[in-house]
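Peer 1: Listed here are the chains, written in short residue letters.
2 protein chains.
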Amino acid sequence: MTRPLEEARKALYEKLDRGEDPSPFYNETVWPLLLALWREDPPVRPQFQPYEVSIHTVGTSPEATILAILGTRAERVYLLHTEESEKYLERIRKESGRAAYPIRVDRSDAASIYKEVARLLAQHRGARVALDPTGGTKAMTSGLAAAAFFLQRVYPEIQVVYVDNEGYDPRLRRPIPGTEYLVRLPNPYEVLGDVDEHLARTLYQEGEFKKAADYFHKAARKTGQEGFRLYGLLASTYQAWKDLDFSGARRALESLLRELDRDAHLKHPLNERRKALEAQQKGLTAILALLGEKNLSDKEGVAWLAATLLSGYEGAKAHLPLAALYAYRALELLLQHLALGMGLDPDAPHFAPGEEKALRDTLEALLPKGEEVRIPDRFGLLHLLAYLKAKDHPALKAWDPKRLQGLQGALRARNKALLVHGLESPKEGDVEQVAKLARELLKSLGVEAKAEPIPL
Amino acid sequence: MTRPLEEARKALYEKLDRGEDPSPFYNETVWPLLLALWREDPPVRPQFQPYEVSIHTVGTSPEATILAILGTRAERVYLLHTEESEKYLERIRKESGRAAYPIRVDRSDAASIYKEVARLLAQHRGARVALDPTGGTKAMTSGLAAAAFFLQRVYPEIQVVYVDNEGYDPRLRRPIPGTEYLVRLPNPYEVLGDVDEHLARTLYQEGEFKKAADYFHKAARKTGQEGFRLYGLLASTYQAWKDLDFSGARRALESLLRELDRDAHLKHPLNERRKALEAQQKGLTAILALLGEKNLSDKEGVAWLAATLLSGYEGAKAHLPLAALYAYRALELLLQHLALGMGLDPDAPHFAPGEEKALRDTLEALLPKGEEVRIPDRFGLLHLLAYLKAKDHPALKAWDPKRLQGLQGALRARNKALLVHGLESPKEGDVEQVAKLARELLKSLGVEAKAEPIPL
Chain C
1 MTRPLEEARK ALYEKLDRGE DPSPFYNETV WPLLLALWRE DPPVRPQFQP
51 YEVSIHTVGT SPEATILAIL GTRAERVYLL HTEESEKYLE RIRKESGRAA
101 YPIRVDRSDA ASIYKEVARL LAQHRGARVA LDPTGGTKAM TSGLAAAAFF
151 LQRVYPEIQV VYVDNEGYDP RLRRPIPGTE YLVRLPNPYE VLGDVDEHLA
201 RTLYQEGEFK KAADYFHKAA RKTGQEGFRL YGLLASTYQA WKDLDFSGAR
251 RALESLLREL DRDAHLKHPL NERRKALEAQ QKGLTAILAL LGEKNLSDKE
301 GVAWLAATLL SGYEGAKAHL PLAALYAYRA LELLLQHLAL GMGLDPDAPH
351 FAPGEEKALR DTLEALLPKG EEVRIPDRFG LLHLLAYLKA KDHPALKAWD
401 PKRLQGLQGA LRARNKALLV HGLESPKEGD VEQVAKLARE LLKSLGVEAK
451 AEPIPL
Chain L
1001 MTRPLEEARK ALYEKLDRGE DPSPFYNETV WPLLLALWRE DPPVRPQFQP
1051 YEVSIHTVGT SPEATILAIL GTRAERVYLL HTEESEKYLE RIRKESGRAA
1101 YPIRVDRSDA ASIYKEVARL LAQHRGARVA LDPTGGTKAM TSGLAAAAFF
1151 LQRVYPEIQV VYVDNEGYDP RLRRPIPGTE YLVRLPNPYE VLGDVDEHLA
1201 RTLYQEGEFK KAADYFHKAA RKTGQEGFRL YGLLASTYQA WKDLDFSGAR
1251 RALESLLREL DRDAHLKHPL NERRKALEAQ QKGLTAILAL LGEKNLSDKE
1301 GVAWLAATLL SGYEGAKAHL PLAALYAYRA LELLLQHLAL GMGLDPDAPH
1351 FAPGEEKALR DTLEALLPKG EEVRIPDRFG LLHLLAYLKA KDHPALKAWD
1401 PKRLQGLQGA LRARNKALLV HGLESPKEGD VEQVAKLARE LLKSLGVEAK
1451 AEPIPL
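Sequence order for the protein chains is C and L. Residues in the first sequence are numbered consecutively from 1, following my numbering. Residues in the second sequence are numbered consecutively from 1001, following my numbering.
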């Protein structure tokens, strides 16, 4: 504060104490000194920042708006005024030294303020804009602040500023002269983690694990609550798992389990899901063993990998050509495993004569009438299935020949699919039949394999 | 307004006109009548709604807060007050008849208001909460409104209300008695389409076409601007295309082209991309013809389908096992087309003796030393490639034997992939090599096929 202003303020308070009307002295002496101070070196906290455009709501106290214009120093100034406050425009222009552009709004219509602000920001896209809600009615103030933070998502370079003070004097009905300063209003998004957490949970439910992890980490950073980081690790686990990056998934899951062991996190809600998480950790280990050893008789590994593929099928259902790939591969894997258990090498099958007869009969029953029965060098889905049925495998007990006949077209359609070797689009009903059989075969293995993300 | 209130107001203005101090009469007569009115039948616009919880900022005019409490009628009331406004709490409690719970905040610290509001809302999750920013400093008012709309994303059942009036009397320094009413502040999100448009464009760029289309349609509905609906149709086109639903894609694209023809949309920015859009329409038609006729010598169809698969490869790069499928299938399709052009039937190949010799020699050069050369019944990627090279196909001119040798492992890895028949994970370098060859073969067809979404 300047020395003359300090002295003027002292004189003003002496007048107040004597019961005199302070207004003439304020207007003639104090205000011009305040103006001079703000023109010279405006008190801005934490520091002065130049703006290119400023937008102000104007009420019946034009002084605050004048100080705000001097504090933002924008070249282009817009004044959102009402019918009542139109009379202050001339004074604001004169004392701020800016050819401020007026826009008339309804004092009670926040929606019209939203629209005007959106229009102005679109017009000044990319510019540094200060929005100042200091003047005007509560609807105008609330409306400008709400619109500003809302539109900050589209125009990240805009800021909300207002004229605050260190003390309001009820006798003066003004801020104590010389204690006014311009300050930035923080964006709730930068302060609160609530919306990040909400978005993270929504994205997690949608299976968008990468984005979910990002939002959980943001929430952790903003709130300082480490607990969110653990949810981030969980989302990263399923992100890697979904990408079939099983070692990445296990690494993330093991980090999570270590964190849950720490004293600080004993009360973390995920500790209630500990058993499920540990089962998934074992499942990932079983898959990695299967992929390493390539031994298809490994029941645990096959069950968890098939469960993974079936979960991929569920997740990809909105994209049928992809969903089909998961379902077919899950079924193939399970059929290979079961056939191997009955002694068949699907890559080089050979049988006793009685066995071959049974297989031919089963194939004949499966295929459309009159179609030639062939036994190929390598067994695909159809022949694996026929082999197991011919061997009377218990997992296929519920599937009578007629039911299986309905499936043979679906099984043979695999290679004709657009993403495999052909030009056909998979049919939803076919694919669901394939997935259904795979689910039943998986169940018959008797391994509790749950590859789905645990619900939050 | 009640009759006694009307008369009291008249008397009040007579006092004002006579130059008397209106305060005693206001406090003793007018205010009790106002209170009685708000207790009985609060003037709420557009209509009264019951709330369970209300949160108010309290400034140095407690009357507005008292009216707001009576207008929201919540059982549970929180008062965000400052050091200065603490002295009004007792009066607010008494006149509102509510055991309002006080929470002290700093008059200049919006961030602390954000945090208190977030805490209270989390505590009353699911309740109908009214947030009232009528009282308090500009920082408190702006802060409460900003926090409320921000948190409405998490708690959709909360609303912002405030006490407005039909006229403010500068002499009274109060609203004209009897013109006060409680009203809801609209959420900027419900009024403005700007953020919807922004989100729609971002999602479009990320390839999230379904969500993008939804947001474009929201923006159209909120702003009444039909133009956004056309962007929605564009996003729906690419959504269907990405899902390999080619007839759905063509249907959406043709709707879009029809809309662009309308007089109202002649100036629509997409009309500048008209040529590209029409080319894509032709491309979709070519793909549909290929899928219908299943004639792999159809160059247009093969080119557009291969371009689609390569675009799918680019889009799925973050999910390597899926990306690999697209790349391999694109290459296969192109090799099949080119081989067919040289007279080969990949499903039942047969050659003149000289031809077979050349093929064997090429395969020997491609395969690792000492590996047995076999000519199978059906030609996969490796044999198709060898056949074309043996025939000295011009499209493979740039690929010398050494370069092709580097590719043979990648080609043979296809069937070993986890999503195909094996237990291997595709390698990024391999897949990129496959995509690279496919891109070059596509280029050699000389068809301008651009299946990528046009940039917005």
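Don't take every hint at face value.
The calculated label-pair distances, taken between Cβ atoms and stated as ranges, are [unchecked claim]:
(1) C:E28 to L:D1021: 53 to 61 Å
(2) C:E272 to L:T1202: 46 to 54 Å
(3) C:G446 to L:G1446: 56 to 64 Å
(4) L:G1446 to C:R153: 41 to 49 Å
(5) L:M1001 to C:K267: 50 to 58 Å
For the chain C half of the interface with chain L, some residues (derived, Cβ under 8 Å), not all of them [as the list claims (entries may be wrong)]:
(6) F25
(7) A36
(8) A118
(9) L120
(10) T134
(11) L185
(12) D243
(13) R274
(14) A276
(15) A279
(16) S297
(17) K299
(18) L322
(19) L423
Note that these hints are calculated values from the structure, not bench results. Quick caveat, the model's predicted, so the values are computed rather than measured. In this text, a Cβ means the ideal position worked out from N, Cα and C, and glycines have one as well.
Peer 1: Please name the hints from earlier in the document that this structure breaks, with their numbers sorted from lowest to highest.
Peer 2: 1, 2, 6, 7, 9, 13, 14, 15, 16, 17
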